[in-house]
Amino acid sequence: MDWNWDFTWEILPELLEGLRTTVIATLCGYVIALVLGLVWTLLRRSPSRILNQTVRWVTEFIRSTPLIPQLFFVFYVLPSWGLTIGPLTAGIITLGIHYSTYTAEVYRAGIADVPKGQWEACTAINLPRSRVWLDVILPQAIRRVIPTLGNYLIAMFKDSPMLLVINVSEVLLVAYQEGGRTYQYLEPITVVGVLFVVVSVISSILVRRLERRYATT
Amino acid sequence: MSTVLDSYEQWLDGAWVTVQLTVYGCALALVLALAFGLAGTSRRWWVRVLNRIYVEFFRGTATLVLLYWFFYALPLVGLKITSPMTTAVLALGLNVGAYGAEVVRGSINAVPRAQYEATVALNFTPFQRMRRVLLPQAFALMLPPFGNLVIELMKGTAIVYTIGMVDLTKVSKNIQGFSGETVAPFLAVLVLYFVIAQVLQLFIRYAEWRVDRMLGRRPSREPSVSTVAAGAPGAGVSG
Numbered sequence: 001m002d003w004n005w006d007f008t009w010e011i012l013p014e015l016l017e018g019l020r021t022t023v024i025a026t027l028c029g030y031v032i033a034l035v036l037g038l039v040w041t042l043l044r045r046s047p048s049r050i051l052n053q054t055v056r057w058v059t060e061f062i063r064s065t066p067l068i069p070q071l072f073f074v075f076y077v078l079p080s081w082g083l084t085i086g087p088l089t090a091g092i093i094t095l096g097i098h099y100s101t102y103t104a105e106v107y108r109a110g111i112a113d114v115p116k117g118q119w120e121a122c123t124a125i126n127l128p129r130s131r132v133w134l135d136v137i138l139p140q141a142i143r144r145v146i147p148t149l150g151n152y153l154i155a156m157f158k159d160s161p162m163l164l165v166i167n168v169s170e171v172l173l174v175a176y177q178e179g180g181r182t183y184q185y186l187e188p189i190t191v192v193g194v195l196f197v198v199v200s201v202i203s204s205i206l207v208r209r210l211e212r213r214y215a216t217t
Numbered sequence: 001m002s003t004v005l006d007s008y009e010q011w012l013d014g015a016w017v018t019v020q021l022t023v024y025g026c027a028l029a030l031v032l033a034l035a036f037g038l039a040g041t042s043r044r045w046w047v048r049v050l051n052r053i054y055v056e057f058f059r060g061t062a063t064l065v066l067l068y069w070f071f072y073a074l075p076l077v078g079l080k081i082t083s084p085m086t087t088a089v090l091a092l093g094l095n096v097g098a099y100g101a102e103v104v105r106g107s108i109n110a111v112p113r114a115q116y117e118a119t120v121a122l123n124f125t126p127f128q129r130m131r132r133v134l135l136p137q138a139f140a141l142m143l144p145p146f147g148n149l150v151i152e153l154m155k156g157t158a159i160v161y162t163i164g165m166v167d168l169t170k171v172s173k174n175i176q177g178f179s180g181e182t183v184a185p186f187l188a189v190l191v192l193y194f195v196i197a198q199v200l201q202l203f204i205r206y207a208e209w210r211v212d213r214m215l216g217r218r219p220s221r222e223p224s225v226s227t228v229a230a231g232a233p234g235a236g237v238s239g
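As given, the protein sequences belong to chains A and B, one line each in that order. Numbering-wise, the first sequence is residues 1 to 217 according to the UniProt record's numbering. Numbering-wise, the second sequence is residues 1 to 239 according to the UniProt record's numbering.
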């Protein structure tokens, strides 16, 4: 079978429309992941043993189970509890929660990496707890982990095609439907593959630039 | 709940498919990771270019896109892979192998330079240098990120649901389909995946303990920024 360029140009606008959905899902999910991840990290540091162990196991559970069954869970179970949400919203929420357990780990490593002297200095000058976190520890910790957080954005982008299992019309589902309509799978799926490689490689270059910019050593 | 328990045979079959995919996928990924990782440390530029092409390409594509391409597009250009299992193992192995190759390359480069210089001073052959000095030390560095990759690969096996293989995810969806229940089957499948992940964790911990003892090191507890970064699905070990 030969590559059909006319067909490729014909489906390209629709694929780009699908890519837009993919990017929206990734970015919205990423915002949830960044905020919720920090919440997990801070809760894990709480002095209450029950609270921090619960958070530890909940995040461990979410992190070590696959995204697809989690998508099913959110998409099919929440309506039966009376909360009806669309596929895209369900996808964004699941993606965000799933990756928040990764970003939590990243923040944790970043906080552990802040030199002990910084904590001691805070105690020595008697800073209030809120200022210790907001003005001393977090700015240093987050600066260290910005490149790693960037990598997770790329990872989320690459996991977002899985949203097709709950019928989010993201780029791969669009390609698959185009293929099904015309019985020509080669062009649409190859184009999607190329789009992914292009976006990933460009974003890896950007992350590498971030790494150099925020290098601590 | 009872429907979920009654169909335990389906669950077992599904779990078996998931475990098989994980094991074969890991085997393929390990081979590719070592081959291309070592290629990345080569002195010849064209061997290093080979490593870059493999890593950037397979790390750049999403596993699901790769699987779809192998499953739907590849037969059209004349390359027909007969079993879905092989297709899935190829997609998973090639993808995770690319991350693994970065881990291998990064770990070998992270072995202190003096070790390399010592082997040159002692007139080791390149093979001896790798086999006796660099790899054993690099191996200890590789294990924690490899452990993360194994779990990632296990989680990745859920994508075979989309090409109609009956793995754990598909079983849960089937049960939801004929019983109409939602909470029980989807909770059950998540718990089963969690159990598999914890068992894999145990193996990884044991391997780490063995390697640390072999090198006379103490296992490190808290993961540092670099180990967390190395396990990131979008990342490699820098340096």
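These are calculated hints, taken from the structure and not from any lab test. Built from N, CA and C at the ideal position, the CB exists for glycine as well. Wrong hints could be hidden among the right ones.
Have a look at the derived ranges for each label pair, beta carbon to beta carbon [as the list claims (entries may be wrong)]: (1) B/177 - A/202: 53 to 63 Å; (2) B/128 - A/177: 33 to 43 Å; (3) A/177 - B/86: 35 to 45 Å; (4) A/177 - B/75: 10 to 20 Å; (5) A/51 - B/127: 51 to 61 Å; (6) A/127 - B/56: 50 to 60 Å.
Now the hints, each set against the structure:
1. B/177 - A/202: 53 to 63 Å: Violated: the Cβ-Cβ distance is about 41 Å, outside 53 to 63 Å.
2. B/128 - A/177: 33 to 43 Å: Violated, at about 56 Å.
3. A/177 - B/86: 35 to 45 Å: At 26 Å between Cβs, range violated.
4. A/177 - B/75: 10 to 20 Å: At 19 Å between Cβs, range holds.
5. A/51 - B/127: 51 to 61 Å: holds (54 Å)
6. A/127 - B/56: 50 to 60 Å: violated (46 Å)
Of the numbered hints listed earlier, those contradicted by the structure are 1, 2, 3 and 6.
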